[in-house]
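K.L.:
Starting from the known structure of chain A, arrange chain B on it as the hints suggest.
The primary structure of each chain is shown beneath.
Protein chains: 2
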Amino acid sequence: MLAEIITIGDEILIGQIVDTNSAWMAEKLNQQGIRIKQISSVSDDREHILKALAEAATRADIILITGGLGPTKDDITKKTLAEYFNVGMVMNDDALANVENIFKRYNRPLLDVNRKQAEVPANCEVIVNNNGTAPGMWFNEGGKVYVSMPGVPFEMKYMIEEAVIPKLKTTFKLPVIIHKTILTVGEGESFLAEKIADIEDSLPANIKLAYLPKMGQVRLRLSAYGENDAELQEQVDTYAHRLVERIGANVVALEDIPVEKVVLNYMAQRGLTLTAAESCTGGYISHLITQHPGSSQVFLGGAVSYAYELKESILGVKNETLWQTGAVSSETVKEMAEGALRNFKSDYAIAVTGIAGPGGGTDEKPVGTVWIAAANANKTLIKKFTFGNKRLQNIERSAVAAFFMLITLLRENEQ
Amino acid sequence: MLAEIITIGDEILIGQIVDTNSAWMAEKLNQQGIRIKQISSVSDDREHILKALAEAATRADIILITGGLGPTKDDITKKTLAEYFNVGMVMNDDALANVENIFKRYNRPLLDVNRKQAEVPANCEVIVNNNGTAPGMWFNEGGKVYVSMPGVPFEMKYMIEEAVIPKLKTTFKLPVIIHKTILTVGEGESFLAEKIADIEDSLPANIKLAYLPKMGQVRLRLSAYGENDAELQEQVDTYAHRLVERIGANVVALEDIPVEKVVLNYMAQRGLTLTAAESCTGGYISHLITQHPGSSQVFLGGAVSYAYELKESILGVKNETLWQTGAVSSETVKEMAEGALRNFKSDYAIAVTGIAGPGGGTDEKPVGTVWIAAANANKTLIKKFTFGNKRLQNIERSAVAAFFMLITLLRENEQ
Numbered sequence: 018m019l020a021e022i023i024t025i026g027d028e029i030l031i032g033q034i035v036d037t038n039s040a041w042m043a044e045k046l047n048q049q050g051i052r053i054k055q056i057s058s059v060s061d062d063r064e065h066i067l068k069a070l071a072e073a074a075t076r077a078d079i080i081l082i083t084g085g086l087g088p089t090k091d092d093i094t095k096k097t098l099a100e101y102f103n104v105g106m107v108m109n110d111d112a113l114a115n116v117e118n119i120f121k122r123y124n125r126p127l128l129d130v131n132r133k134q135a136e137v138p139a140n141c142e143v144i145v146n147n148n149g150t151a152p153g154m155w156f157n158e159g160g161k162v163y164v165s166m167p168g169v170p171f172e173m174k175y176m177i178e179e180a181v182i183p184k185l186k187t188t189f190k191l192p193v194i195i196h197k198t199i200l201t202v203g204e205g206e207s208f209l210a211e212k213i214a215d216i217e218d219s220l221p222a223n224i225k226l227a228y229l230p231k232m233g234q235v236r237l238r239l240s241a242y243g244e245n246d247a248e249l250q251e252q253v254d255t256y257a258h259r260l261v262e263r264i265g266a267n268v269v270a271l272e273d274i275p276v277e278k279v280v281l282n283y284m285a286q287r288g289l290t291l292t293a294a295e296s297c298t299g300g301y302i303s304h305l306i307t308q309h310p311g312s313s314q315v316f317l318g319g320a321v322s323y324a325y326e327l328k329e330s331i332l333g334v335k336n337e338t339l340w341q342t343g344a345v346s347s348e349t350v351k352e353m354a355e356g357a358l359r360n361f362k363s364d365y366a367i368a369v370t371g372i373a374g375p376g377g378g379t380d381e382k383p384v385g386t387v388w389i390a391a392a393n394a395n396k397t398l399i400k401k402f403t404f405g406n407k408r409l410q411n412i413e414r415s416a417v418a419a420f421f422m423l424i425t426l427l428r429e430n431e432q
Numbered sequence: 018m019l020a021e022i023i024t025i026g027d028e029i030l031i032g033q034i035v036d037t038n039s040a041w042m043a044e045k046l047n048q049q050g051i052r053i054k055q056i057s058s059v060s061d062d063r064e065h066i067l068k069a070l071a072e073a074a075t076r077a078d079i080i081l082i083t084g085g086l087g088p089t090k091d092d093i094t095k096k097t098l099a100e101y102f103n104v105g106m107v108m109n110d111d112a113l114a115n116v117e118n119i120f121k122r123y124n125r126p127l128l129d130v131n132r133k134q135a136e137v138p139a140n141c142e143v144i145v146n147n148n149g150t151a152p153g154m155w156f157n158e159g160g161k162v163y164v165s166m167p168g169v170p171f172e173m174k175y176m177i178e179e180a181v182i183p184k185l186k187t188t189f190k191l192p193v194i195i196h197k198t199i200l201t202v203g204e205g206e207s208f209l210a211e212k213i214a215d216i217e218d219s220l221p222a223n224i225k226l227a228y229l230p231k232m233g234q235v236r237l238r239l240s241a242y243g244e245n246d247a248e249l250q251e252q253v254d255t256y257a258h259r260l261v262e263r264i265g266a267n268v269v270a271l272e273d274i275p276v277e278k279v280v281l282n283y284m285a286q287r288g289l290t291l292t293a294a295e296s297c298t299g300g301y302i303s304h305l306i307t308q309h310p311g312s313s314q315v316f317l318g319g320a321v322s323y324a325y326e327l328k329e330s331i332l333g334v335k336n337e338t339l340w341q342t343g344a345v346s347s348e349t350v351k352e353m354a355e356g357a358l359r360n361f362k363s364d365y366a367i368a369v370t371g372i373a374g375p376g377g378g379t380d381e382k383p384v385g386t387v388w389i390a391a392a393n394a395n396k397t398l399i400k401k402f403t404f405g406n407k408r409l410q411n412i413e414r415s416a417v418a419a420f421f422m423l424i425t426l427l428r429e430n431e432q
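Chain order of the listed sequences is A and B. Count along the first sequence starting at 1, add 17, and that's the number in the numbering used here. Count along the second sequence starting at 1, add 17, and that's the number in the numbering used here.
Isolated chain A (complex conformation) (with noise of 0.2 Å):
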């Protein structure tokens, strides 16, 4: 089953905003084993969105779209939608009472603009948007599906999972795919890919794998295409083994989950607590962490110390290691860590302090280089890394290095 994505507007082609609909779509598809073909973006266009529907409807079975379906001028999907389908716009009384009731929770008056929102193709059948005012819409002609939602994230989710891919599943018969990811830290693609080339090329024709990496990590996934679930489940596994016992400590995951989920699942079962002492990371692997539902089990919190005096002050890293070693040496991470898990009162604390760049640098401790500590009462693990010159990569790599390191050191403490 093959399906593409089209999303619509000028935001997208001229660069204002990324796409991230598509990759969350295309995810969602996947595991229900619908194969995307392509993803398209095209502007708010008349005949350049008329054009990419029919030339999406000779590749796939399933047209998803999104964008356009705002109350200003530039929204242009709807009535486009009507012209391809040769229909006229109806009022849909769903759809208004959707958009009287959102009106009314906030206490704002209805305009007509607002009103328009609830007209659609007369062809279509209405996915009303519990989460905002334009209505999803769900075409089935000439044996395809198109589907039209909103370009805003959070109303397309909650579209997709609650009624698009429900009624996917009554209208085509799915074929079986299954997935495995194992997320790897500390180790590149290149030589990954050396390590485990022979189980690699003994991989039969329905497996791939494919390497996806990202700043400091590299997932391994694999695929499986067949018809038996169960078959193909243990197919993967047993390949997968045999990734995992290769590439050995660099394994941190099994699931495809971020580095930092890893180590709240294993903090969290085992009732262990973390705190984060950041400097040049300001805030980022605290952010990492909370942006977790049920994240404060496990995380007491943490200080972004950025100035010399918040390192002392709430850290307590002493006035002379800072003057004498400066704020990036492997005693002020240390006293860092230390001071987080005395001041916090946690069972571990990681701690980074370094350069993120562009400014900054000198011969001795040049951009890039960066001191990370991870610590709980009997052990500080220190180590010095020496990343580029990019600041946002800075900060990520030295993210996933801390996480990395309090892996380490849980796993020291395990055995």
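Just so you know, not all the hints are guaranteed correct.
[To be verified] As a list, the in silico BS3-like pairs of lysine-lysine whose alpha-carbon atoms are at most 27 Å apart:
(1) Lys96(A) x Lys335(B)
(2) Lys231(B) x Lys45(B)
(3) Lys68(A) x Lys54(B)
(4) Lys231(B) x Lys45(A)
(5) Lys351(A) x Lys362(A)
(6) Lys161(B) x Lys174(B)
(7) Lys362(A) x Lys401(A)
(8) Lys174(A) x Lys184(A)
(9) Lys407(A) x Lys184(B)
(10) Lys45(B) x Lys96(A)
For the record, the hints were derived by calculation from the structure and aren't laboratory data.
P.N.:
Chain B alone, transformed into the frame defined by chain A:
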């Protein structure tokens, strides 16, 4: 002048990575007056790549291709391009020297797969990759320019800025296009549209207005197309001025920068310092600030006080306040902000405490309840917000609202 972007890789089509490259490239090209007709993501599949190249060439003059240049077996872009142009592969000396240097620098043995990265189609001009092993390739065939670049964002970005755009400027005569963005915070898209409807209706045919909403912010983008740079600039400035006058205090910037950068620029110009006391935003506010180079001039740091104990020990929130009014209250957020001012010794502080969800809500304080404070030595602004039930959105909206409150306080002080 029209361009298309083709991204190659199953990663995007199965949704394991978000295509951030295309938005970035689109923005850079638009600034040069090159419109992006379509962005297409296709799979690591020979036939599909060939077809996408041929289709793009019927619509555009410039075809930018990213991805599929890695050392692993699923990377087939290079040989497919050779097939498309009907040429063989040759070893490129500059590209090989680059690969060898990189491996020497990191003291890694040069593997055969890495050496092969220096092989390119015979008809291309190599763009040396200063940040990685895969060379970029520039093809000029049949009056069209094709550029193939690695999918790794910072490798591609460097190539676009240093090689591709300069070469495009010498290859084509580019038209003039001018964008102007007005950043507004705290008012919804449809209300803005109603407020400025007559100005929008009065726009001449060569100027387009787009609404770009995002988490409590709406960017209004004026785009003017024409021949004469100075005339277009004046025309755009006139309409921008009308929009700004009409919208009033919700306008926070007249350029396309994020709201925290508005704060940083304003405070840096005036030599003011800032700290943050974050509970439910969990480090996100600090991260937004510290991702910007030079932020340490303004931002001293802050606390991520998830646990009660840290609110007390780091910020000096009174134990009785926490137990009598709760962690999510007007009193607590006030003490957090004032504690940050006092303990961290900054001119301004922002504090956020709330229930991000999905758990932790009560009837009295449902998920989405957030208290925010902005303080200086003379005044503390405090406001309650009622957001929705989505964790990440609540975090993002809280951050934007906090920055807007800080801007309000900064403006009050200006007068």
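K.L.:
Now tell me if each hint is right for this structure.
P.N.:
A quick look at each hint next to the structure:
Between Lys96(A) and Lys335(B), the direct Cα distance comes to roughly 59 Å. Violation of the 27 Å bound is thereby established for this hinted pair. Of the pairs offered as hints, the one joining Lys231(B) and Lys45(B) holds, with about 21 Å between alpha carbons and a cut-off of 27 Å not exceeded. As the CA atoms of Lys68(A) and Lys54(B) are separated by approximately 12 Å, the hinted pair is consistent with the 27 Å bound. Distance check on the hinted pair: Lys231(B) and Lys45(A) sit about 23 Å apart at the alpha-carbon level, within 27 Å; holds.
In summary, the hint linking Lys351(A) to Lys362(A) is supported, as the alpha carbons are separated by about 16 Å, within the 27 Å threshold. As the CA atoms of Lys161(B) and Lys174(B) are separated by approximately 21 Å, the hinted pair is consistent with the 27 Å bound. Note on Lys362(A) and Lys401(A): the hinted pairing holds, with a Cα-Cα distance of about 25 Å set against a maximum of 27 Å. With a CA separation close to 15 Å, the supplied pair Lys174(A) and Lys184(A) stays within the 27 Å bound.
Proposed proximity of Lys407(A) and Lys184(B) is supported: the alpha carbons are some 25 Å apart, at most 27 Å. A distance of roughly 31 Å separates the Cα atoms of Lys45(B) and Lys96(A); the hinted pair therefore is violated under the 27 Å criterion.
Checked against the numbered hints given earlier, the structure breaks hints 1 and 10 and satisfies all the rest.
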